[in-house]
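Input sequences plus hints: build the corresponding full structure.
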Amino acid sequence: MGSIFGRLAEQWRNHDTFFDVIWSGQWFTDRLGLSVMTYRANSRIPTVKTVPWGLIVTIVGQVAILYFNMKTNIIMNNSTSFIIRYGMRWVFSIGTFMLLFVTVLNAVFRKRTFKLMKGFYDFDLKVSRIDHLCFLNGFNNSFLQLKAIGYQIDLKVQNDWCNMVMLISAILITVITLATCYLVVKTTTGIFVFCMMFLTICWTNYVVTISTGQYVFYNYSFQFRFKALNKYLCKLLPTDLESNNHFRQRDIHKNRFTLMDRIGDIAQLHSELVTQVGHYSENYAVQLLQSYFGLVIMTIFSAFTMYRALVKPDPDSDFIAIINFCWSSYYTAYLLFNITLAGMIQTQAKKIGISIHKAIDLLHDDDICDKVDPTKPKWSGKS
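Counting in this note's numbering, the sequence shown runs from 2 upward without gaps.
To be clear, the hints were calculated from the coordinates, so they are not data collected in a lab. Glycine is no exception: its CB is placed at the ideal position from the N, C-alpha and C atoms. Incorrect hints may have been included.
What the hints assert, rightly or not - 20 Å max Cα-Cα, derived EDC-like pairs, lysine to aspartate or glutamate:
#, residue 1, residue 2
1, Lys112, Asp123
2, Lys351, Glu273
3, Lys232, Glu273
4, Lys228, Asp266
5, Lys359, Glu283
6, Lys112, Asp266
Stated by the list, open to error - Quick list of simulated restraints, FRET-style, between CB atoms:
#, residue 1, residue 2, range
7, Ala65, Ala180, 36 to 44 Å
8, Gly354, Val312, 47 to 55 Å
9, Leu106, Asp266, 32 to 40 Å
10, Lys112, Phe305, 37 to 45 Å
What follows is the structure, given as structure tokens:
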């Protein structure tokens, strides 16, 4: 166990490549059985697993959890709380079954998942190629060189952000789970009940967090790359002509045809990134709907039990109301967070699309070219 966390800490510090840290570490995630990728020898580029043994073990574990959930439910029937007796015991079984379904889908569609991850890697390689081409052309203009303008896909920022979301979610889940288990033990005595409730609730919600965290990671990765590409485009060729001095405008005109090639490369990358978003939406349609449906069900259930605790109080109605308010708030915030992040992708995609069209207009507009280079002979229209 020490080596696992040691390796996780090492990856957390380095952030060498895109695949080094995913959520809380690709290597650690693989040990949890939730990864469809593996590394061969010392290669940093993963390959898809022929047989997803980790997912198979996870499926078996979830079946066992579902069985123990049923055993716990039998004991919970003796609870004096109406909510625990008729409500809470069902939601965990339903949640475990839905997670089992998601795990099976991830195992079946593991090749699609790998292609999506590989698409990110290929995109980053093509961005590096643009950097290399700009350098080989030997421009003296610093704004043409990618390193000079500071453009790069900072994987450390991306991975730190995703890890932070997962860490905060895990802490909230653990705290609320402890409070829920305390309530169950208070109304139904027995250390067995506490242990099983804690394990099943934590397992269910941790897997929910990691599964939906996968979609958070993809959404943020798309948005992150759209923003980085737009930043590169704006610094390579500012589209607001009036905000630039005359010397910069001359540089733009002087390297007009080379800039056209670079804009073409950016437009192609933008198109490929939009295509990747389409593949993501297509491949994960079922999983996304299932995850959103599960989050909505958990939110509705928590809100209902909170209402039931206030209208028809049980012996621990106040405590039940507080716990269910926490669960409802957590799942509602997490659901809105996912939806908002997905919407931001569309905004970033439209933003860079507009910038590309402005850049193309700038490079092809003869009036602008005459303005930035007054020494250029003007065409009079007479032969």
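Results for each hint:
For the suggested pair Lys112 and Asp123, the alpha carbons sit about 16 Å apart, so the restraint of at most 20 Å is met. Straight-line distance between C-alpha atoms of Lys351 and Glu273 comes to about 14 Å, which keeps the hinted pair within the 20 Å bound. A C-alpha spacing of about 17 Å is found between Lys232 and Glu273, which places the hinted pair at or below 20 Å, so the restraint holds. Restraint check for Lys228 and Asp266: the C-alpha separation of about 16 Å stays at or below 20 Å, so the hint holds.
The straight-line distance between the Cα atoms of Lys359 and Glu283 is roughly 30 Å, outside the 20 Å bound, and the hint therefore fails. Of the supplied pair hints, the one linking Lys112 and Asp266 is violated, its CA atoms being roughly 28 Å apart against a limit of 20 Å. At roughly 25 Å, the beta-carbon separation of Ala65 and Ala180 lies outside the given 36 to 44 Å, and the hint is violated. Against the hinted window of 47 to 55 Å, the Cβ-Cβ separation of Gly354 and Val312 comes to about 52 Å, which satisfies the hint.
One distance hint, 32 to 40 Å for the beta-carbon pair Leu106 and Asp266, holds here, with the actual separation near 36 Å. Distance hint check: the CB atoms of Lys112 and Phe305 are about 40 Å apart, consistent with the given range 37 to 45 Å.
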